[in-house]
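Visitor: Sequences listed follow chains A and B, in order. Positions 14 to 129 (the working numbering) are the ones given, in order, by the first sequence. Positions 257 to 370 (the working numbering) are the ones given, in order, by the second sequence.
Honestly, the hints are just simulated from the structure, not real lab data. Check before you lean on any hint, since a few could be wrong.
Unchecked claim - Think about it this way: if two alpha-carbon atoms lie no more than 35 Å apart in a straight line, the pair counts; the simulated DSBU-like pairs of lysine-lysine are: (1) Lys-81(A) / Lys-91(A); (2) Lys-324(B) / Lys-91(A); (3) Lys-305(B) / Lys-91(A); (4) Lys-305(B) / Lys-357(B); (5) Lys-357(B) / Lys-91(A); (6) Lys-81(A) / Lys-357(B); (7) Lys-357(B) / Lys-37(A); (8) Lys-81(A) / Lys-305(B); (9) Lys-37(A) / Lys-305(B); (10) Lys-305(B) / Lys-317(B).
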Amino acid sequence: DAGVIQSPRHEVTEMGQEVTLRCKPISGHNSLFWYRQTMMRGLELLIYFNNNVPIDDSGMPEDRFSAKMPNASFSTLKIQPSEPRDSAVYFCASSLALSAMNTEAFFGQGTRLTVV
Amino acid sequence: AQSVTQPDIHITVSEGASLELRCNYSYGATPYLFWYVQSPGQGLQLLLKYFSGDTLVQGIKGFEAEFKRSQSSFNLRKPSVHWSDAAEYFCAVARYSSASKIIFGSGTRLSIRP
Numbered sequence: 014d015a016g017v018i019q020s021p022r023h024e025v026t027e028m029g030q031e032v033t034l035r036c037k038p039i040s041g042h043n044s045l046f047w048y049r050q051t052m053m054r055g056l057e058l059l060i061y062f063n064n065n066v067p068i069d070d071s072g073m074p075e076d077r078f079s080a081k082m083p084n085a086s087f088s089t090l091k092i093q094p095s096e097p098r099d100s101a102v103y104f105c106a107s108s109l110a111l112s113a114m115n116t117e118a119f120f121g122q123g124t125r126l127t128v129v
Numbered sequence: 257a258q259s260v261t262q263p264d265i266h267i268t269v270s271e272g273a274s275l276e277l278r279c280n281y282s283y284g285a286t287p288y289l290f291w292y293v294q295s296p297g298q299g300l301q302l303l304l305k306y307f308s309g310d311t312l313v314q315g316i317k318g319f320e321a322e323f324k325r326s327q328s329s330f331n332l333r334k335p336s337v338h339w340s341d342a343a344e345y346f347c348a349v350a351r352y353s354s355a356s357k358i359i360f361g362s363g364t365r366l367s368i369r370p
């Protein structure tokens, strides 16, 4: 398996524009996580899905952020409208939480978002 | 609510010296604990994990960690660091279920002095 695949790797956009980040989890994994990493706040869990259903979105900063998982092999994180303070690295991770031995998150390489 | 604290933001050690990175967790039940490493520009890679059993866990790259329930700690150790160990290290906690929420600490940046 190629691992968790995120696209794009880098995104530069103007304030006010819509940004869509994409993630393909590892095949067969049933949990998917979106994290945001900044110098100031570290690694924050934004939202996570189990079997394509959002379980906890309490980390989503505000209504400008939304995430979807239409099927087991694809998820998006959308920011509309984007603001400079959204600049960060966004990581997607997936896991197969069927037993204790499976409960670990595999990370993609991240999308570095810069909003100017 | 579960939480993870890494009290050291940045640590510098000499190459060949021993290393210990601290991690304390807050959770009402026995947690599942992890250490991840992040090299510059990369995602996070799992070093080791603890679920149950032996409280001393061996991981990749010569790392180990010890779970101490009485201290709510899961410190990461390595007897002799290499320059390639310079990276950011994250401790994480989860509760096992069919939909586990994995929470990360703020990270410790490790620098290696030649």
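Visitor: Of the numbered hints stated previously, which ones are contradicted by the structure, given in increasing order?
Guide: 2
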